[in-house]
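Throw the hints in and build the complete structure from the sequences for me.
4 protein chains.
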Amino acid sequence: MHPQNMNINIEELVNLDFSISRVGVPTLDSPLKDVIFVGDSESITYCADRNINNELYASGKNVPAFVAAGPRKKLYHDATWTRAAIVTCGGLCPGLNDVIKALVNTLYYTYKVDNIFGIQYGYSGLNPSNGLKPIVLNPDIVDGIHTTGGSILGSSRGHQDTEEIVRTLDRLNINILFTIGGDGTQRGAHDIAVELKKRNLPVSVIGIPKTIDNDLCFMDKTFGFETAVQVAAPIISCAHNEAKGYLNGVGLIKLMGRDSGFIAAYASLANSLVNFCLIPEVQFELYGENGLLPALERRLARKQHAVIVVAEGAGQNLFQDDGEVTVDKSGNKLHKDIGILLKDEISLYMKSRNIDFSMKYIDPSYILRSTPANGMDSIFCLHLAQHAVHAAMAGMTDVVVANWQGNFTYVPTSLATRSRRKIDPRGQLWQSVLLSTRQNTDWPSKAAE
Amino acid sequence: MHPQNMNINIEELVNLDFSISRVGVPTLDSPLKDVIFVGDSESITYCADRNINNELYASGKNVPAFVAAGPRKKLYHDATWTRAAIVTCGGLCPGLNDVIKALVNTLYYTYKVDNIFGIQYGYSGLNPSNGLKPIVLNPDIVDGIHTTGGSILGSSRGHQDTEEIVRTLDRLNINILFTIGGDGTQRGAHDIAVELKKRNLPVSVIGIPKTIDNDLCFMDKTFGFETAVQVAAPIISCAHNEAKGYLNGVGLIKLMGRDSGFIAAYASLANSLVNFCLIPEVQFELYGENGLLPALERRLARKQHAVIVVAEGAGQNLFQDDGEVTVDKSGNKLHKDIGILLKDEISLYMKSRNIDFSMKYIDPSYILRSTPANGMDSIFCLHLAQHAVHAAMAGMTDVVVANWQGNFTYVPTSLATRSRRKIDPRGQLWQSVLLSTRQNTDWPSKAAE
Amino acid sequence: MHPQNMNINIEELVNLDFSISRVGVPTLDSPLKDVIFVGDSESITYCADRNINNELYASGKNVPAFVAAGPRKKLYHDATWTRAAIVTCGGLCPGLNDVIKALVNTLYYTYKVDNIFGIQYGYSGLNPSNGLKPIVLNPDIVDGIHTTGGSILGSSRGHQDTEEIVRTLDRLNINILFTIGGDGTQRGAHDIAVELKKRNLPVSVIGIPKTIDNDLCFMDKTFGFETAVQVAAPIISCAHNEAKGYLNGVGLIKLMGRDSGFIAAYASLANSLVNFCLIPEVQFELYGENGLLPALERRLARKQHAVIVVAEGAGQNLFQDDGEVTVDKSGNKLHKDIGILLKDEISLYMKSRNIDFSMKYIDPSYILRSTPANGMDSIFCLHLAQHAVHAAMAGMTDVVVANWQGNFTYVPTSLATRSRRKIDPRGQLWQSVLLSTRQNTDWPSKAAE
Amino acid sequence: MHPQNMNINIEELVNLDFSISRVGVPTLDSPLKDVIFVGDSESITYCADRNINNELYASGKNVPAFVAAGPRKKLYHDATWTRAAIVTCGGLCPGLNDVIKALVNTLYYTYKVDNIFGIQYGYSGLNPSNGLKPIVLNPDIVDGIHTTGGSILGSSRGHQDTEEIVRTLDRLNINILFTIGGDGTQRGAHDIAVELKKRNLPVSVIGIPKTIDNDLCFMDKTFGFETAVQVAAPIISCAHNEAKGYLNGVGLIKLMGRDSGFIAAYASLANSLVNFCLIPEVQFELYGENGLLPALERRLARKQHAVIVVAEGAGQNLFQDDGEVTVDKSGNKLHKDIGILLKDEISLYMKSRNIDFSMKYIDPSYILRSTPANGMDSIFCLHLAQHAVHAAMAGMTDVVVANWQGNFTYVPTSLATRSRRKIDPRGQLWQSVLLSTRQNTDWPSKAAE
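Chains as they are written, first to last, in the numbering used here: chain A, 1 to 449; chain B, 1 to 449; chain C, 1 to 449; chain D, 1 to 449.
By construction, these hints were calculated from the structure, which means they are not laboratory data. Just so it is clear, the structure is predicted and the values come from calculations on it, not from any experiment. Glycine residues also receive a C-beta, built at the ideal position from the N, C-alpha and C atoms. Keep in mind that a hint or two might mislead.
Which stretches of chain B does chain C cover? Using the computed rule of at least three CB atoms under 8 Å from a CB of chain C, they are [claimed, not checked]:
no., segment
1, 138 to 150
2, 226 to 239
Once the Cα atoms are required to be at most 20 Å apart in a straight line, the calculated EDC-like pairs of lysine to aspartate or glutamate come out as [what the hints assert, rightly or not]:
no., chain 1, residue 1, chain 2, residue 2
3, A, K303, B, D143
4, B, K33, A, D356
5, C, K329, B, D356
Written as structure tokens, this is what we have:
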């Protein structure tokens, strides 16, 4: 019923352990006043359906639920002695600076922590061989940063030696490390937490998931996603103007989405000018009865223009397997460029059919990811950061802050990174996309993927 | 734990009946294919906390839950004979045209209903004495309307005779009526549904709640709210520029929020330039030890400028009770104008203290409510409309479409309008506002409201 | 032919002296390289018409022309010893920070002046009794300020004692004073220049005209104007949505324009949704045959909605003369509020005619003036500031930088402030407005003002 | 002194004939009232400098001047019998729909012409073999089109047979043809006018120059340019965020500008984040002492990030001449892709120097050109269209509407298309760019091109 998560089996969930690790027993009183504290047993049920939960309970099984996020009555870290560090890794994403600002403000004003450091250029800033010094952070420094995209700390991709990082944290006397990044980053954070534990170092490692593709597990949305969708809308309108501006004009926009087509799907919904939305979760062919190209030809014959949105990870089946797999510095499998392939194939096909056409290809990825967060996204970043600080001060570790059905949660890092969330082609989201694009008008076989 | 709804007692909820009325037994097969149908027993649990639900279940009590929204396998209304009407009532709100467009498209393309009418200027368009004719709607007509704010159907405030409306529906052979409006509108819709039932007329009355104040019961958010918050942000920046531009500059912005301060609170969070956020839920005084004016004076002495956001319903205690209560055409109690009062009182106070100051007052209400919906809000409108049509075709009635913790639900109209949602001053939202504005720096007594 | 300046008589111009005063003879070599220097005899012809100029020349008369702006080969001020000050006065205007930034950068990088001061809160910062200290400015400090509206220096209205200001400049060893402000400010700057000359103090006083109303003499446009017009457009759309959203809806927007209706006129042209544009230059009546109210009634009868844009200085004849004239701190005559008057009068009239209507009044003035400058405006600010610095370093004084028919000029301050530029009702601009609004459709007598 | 036009020699201008052709003697009275008519002898002086003009006049030479645009007292075409056609050709440009709308409204409301046709897809719509029918246009149809980018008529590139076009115009009884397009389009329009004259067909051919590169002769600016500059600004900010987001990050943006770097130059001025601006008018090398790549390396060593804006026509000397010259359908020489070349060369260079870097390449061309016009651009389109209609009704032909130093002019089509306007590297514009980017800090030899 919660359509975006159909691919996780409830039976499997019953056996997962959602409890959170700690670096030690929290014994200090929280300085927060007039606040409703959250007890450690408070939980956010995984499944919204009452019947399923009641049945599980009745049969003595565990009802899957996340630990509820929020301020704890008892803290582990003593603000006076606490030294917190913040690191941003991987690709840019709207809201990075909002998260940094809110972490600093919450540490400083709410918990009175005044030793806060920004690690430069991702994990590489924790490897002393790179010669990058931590930056001192305080509310004055971060005051206006949320109006700018990007990350004031800088970012980087790629693996750094875990032991080296841990040695650096130890040498810098860091008690809390906030890791803002995607699944690669959080897997790295998990390794750091494990290594810290091995050495008995009571350092809280708290992850704030950042994935503009919105594809992390056990969370409904991640920051930056809504902004990216919003920024895509006028660009799709431009592609539509270009398409309508010429006889048989085709506007082709490549959007982010390595393994999941969330941005492509939402952007298509937000902008009803899209005629074909192509995502990794739904395979398609170019030629033949069910091919995209003949469908495009039919569309052009009917309407003289077409707008196509393609997620970067779509149509990987269309590339000849040359045995090579390329990965980026973060270890992400590098996809063949479906945008260029489609652009070329459409041009060849139209020429072969002697159709006078006009092809316009737009790749706005960097524009979407380096823009500042919009209003609601900015608030979402604020809340994520507040909950991250609550978790940190209470001594939790190896945990990411997440959002489940409107509630903030804490999820063990290893669970959050175990797989990637995908669109269910039979679920509500994709059905809405099909209704909105009506791509099956010209591509009737599309439904049967 | 779900901070925005603390004011509803769980014990009371156990006894509420969330089941949905129908105009008849659905017996026709849905034309939808490759879709996951939602069963009538599927539900969305009210309370996210596992323990509370388990306890209720264990003690044999009802676990409160809403009926899950979504397409039903069996329909009541036959598309061929169905005549649907759409009416928009009350104040403008971003997304009205998105909802209208999505209703028309879903009726037309998904269910093949092609008799769709738009009622002009709210309920007054259903009173024949006003001489307003229904407009024929179809996908071509609504194609581009989502790029414009307002409502293509027009709206109106005020009560119309229920029996007259029912006679009109009967005469026009309307089987489905979609009512887009706030609590006044939905109470009217409930009356219509009751009257229809009395006359044994199988007309489905489906409400889509519209309240830019975001204050309806049993739903997390309503359409238009997020857009309003986003539009407020640059205007608050303008007020900040005006405030900083002059010695002891005060920028005062009045935002919507009759009984609940959600827009004021979210806008303050989205724009960290706000120094005082005043909402109806938190009473305050102007003068004396705990007064706003001395606090403002302290702030100006410290920083030489201040930005104040005030919800229109805040500070009603500051008006002398002259025994009169004024209501608008919809029966909403008309508030005294707190914006003007504050503007005047601040000026008087500063003059009396011989402080050189500059007061700038901005009331952007009409700008916020008549703007087009942004990307995510637009998608939200689409989903609300789709679920409204699913409910209608399945023969439900006297129901509104709502959203609970990320899931779409159907809520009996009488329950949705029974009271207004408010901000809990001890909950997370307000705590975030206090953290962000740090208004208690200069106004220490504020916390103890 | 140059329609906006028809109100200046060419015969009168022949006798005006457009030459620029200097504080001394420029003898130092300019450090600029690879640049085309501008000679002092280079001029920008006032009148674009060849025949008029030829005739004047043939008859031995002076052909009116401005001194051309641009870098001079010889400088008066020695960069090493130069101390420059910048002051912003009067109301906010988009681009203030752009001008400040470009002044600082041009002084610093182009001419190597590194003693630059910002005067706080307008001329009041030059009166030591106010206790305001100058701020040190350099390229780092001003680096990002252009992304924010307002003025980082702050502004103020009101007269300060000229001798006091001159004493302060002398005590601070200021050689160059840049005054950014409207006609009041520049009249003050002229007084300062006169007083400095009287005391034989070689201080260059260079004005950069700031008037969002775009009403200064001998210049085609001033910075901030184009941004204000652009920002008004979506707000007018909102008013249109409100107007169309209700039966007989009237959207009324008050825009700036004390004596000249340029913003109202341009905003009406930029947004073709305006039905009535009211400006100070064209008198009108409310009632009777030629009255606005009956015209509005006709419009509503025909179209059921109307959008009215009114400049703040329009319709002053409609107020009963109570003998009082009120002025603001800057000595500007305070207008009675035509926005409120129209709102009230329209409501009364419609009620008296038993017309069901909906009145929405928007006053976005502070939003227009405190917004950051848009792209082209920002470039315009940059060029104004560069030319201001060129003039200053060459030892000019008592001069403002202006723009005439696409060329930058230097105009004696006393000439620039001698009167206010107005719209010619028979000229091209107003004719375009009439074409665009077609307000004479319902208001036929309008043309004959 | 007018720096952007230094490349036109005043001596040469003296001998040019700026007079306008007509299809016949205008004898009908204009229906315009209360308007200041423009006489045919009224002119707009080419050179703003008084001395130059006086000298020319004194020595008996012609003072170069354009015919002033504006409404004429006497018309040639009779509104009742007039059939006007509008065609848009070449690449999209912000404001196309504004021009179309204003042409239709001015013809219809001002001159009462009600037979107006839109030619589909450029000149190809005038070749009957393409089977494209003209669209009927009227004020209702064009009412809202200005809110959308692109052209409602569609466009096309490429030559069509002139005689075929003339036969079509004759067969359709067209008396006035408005051609909206760049220099290829206007050269085609000139050929059409010549052919019409040869056949004694009194058809007015009026051009409205459209070149987003802003590179047409004898005009200061063309519509769409300012919007393109404005739209580029946030995209450059994104590139800056990407550049700062990674160690040695390089943000590279390719902007339009085939032969002239106006967009690149203005966008660099409007957004002070650009460090290197590369235009066709200033040659550069990649390697060696004066090379861009070593300069970039120096910049990165100093600041760890860099933003480069490159016009598409820049650096053509860097491509090995392979003897081939490729042209597009319009006959424009197709440039090698300098964006891709730079991206590849920078990457190779940095790798060869073992520098850890991050390269982000953005090509936003289609976004800039297909966006709707902003406020001032929209007004500019309106005025251009009004003047085009004035010219047409007065029976002028073989003419384009232009803008010279703030005044509207009529320029013979053959003169407007004789060469392309370029940036003078010693002029004010480029000097401002150098000041703003300070690219000579790391690239000292740059100034000496």
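Going down the list of hints, with the structure as the test:
Under the rule that three or more residues need a Cβ within less than 8 Å of chain C, the assignment of the segment 138 to 150 of chain B holds, with 3 such residues. Judged by the Cβ-Cβ criterion of 8 Å, the segment 226 to 239 of chain B is covered by chain C as claimed, because 5 of its residues qualify and three suffice. This hinted pair checks out: K303 of chain A and D143 of chain B have alpha carbons roughly 15 Å apart, not beyond 20 Å. In summary, the hint linking K33 of chain B to D356 of chain A is not supported, as the alpha carbons are separated by about 36 Å, beyond the 20 Å threshold.
Proximity of K329 of chain C to D356 of chain B is assessed by CA-CA distance (about 12 Å); at most 20 Å being required, the pair is judged to hold.
The structure fails to meet hint 4 from the earlier list, while all remaining hints are met.
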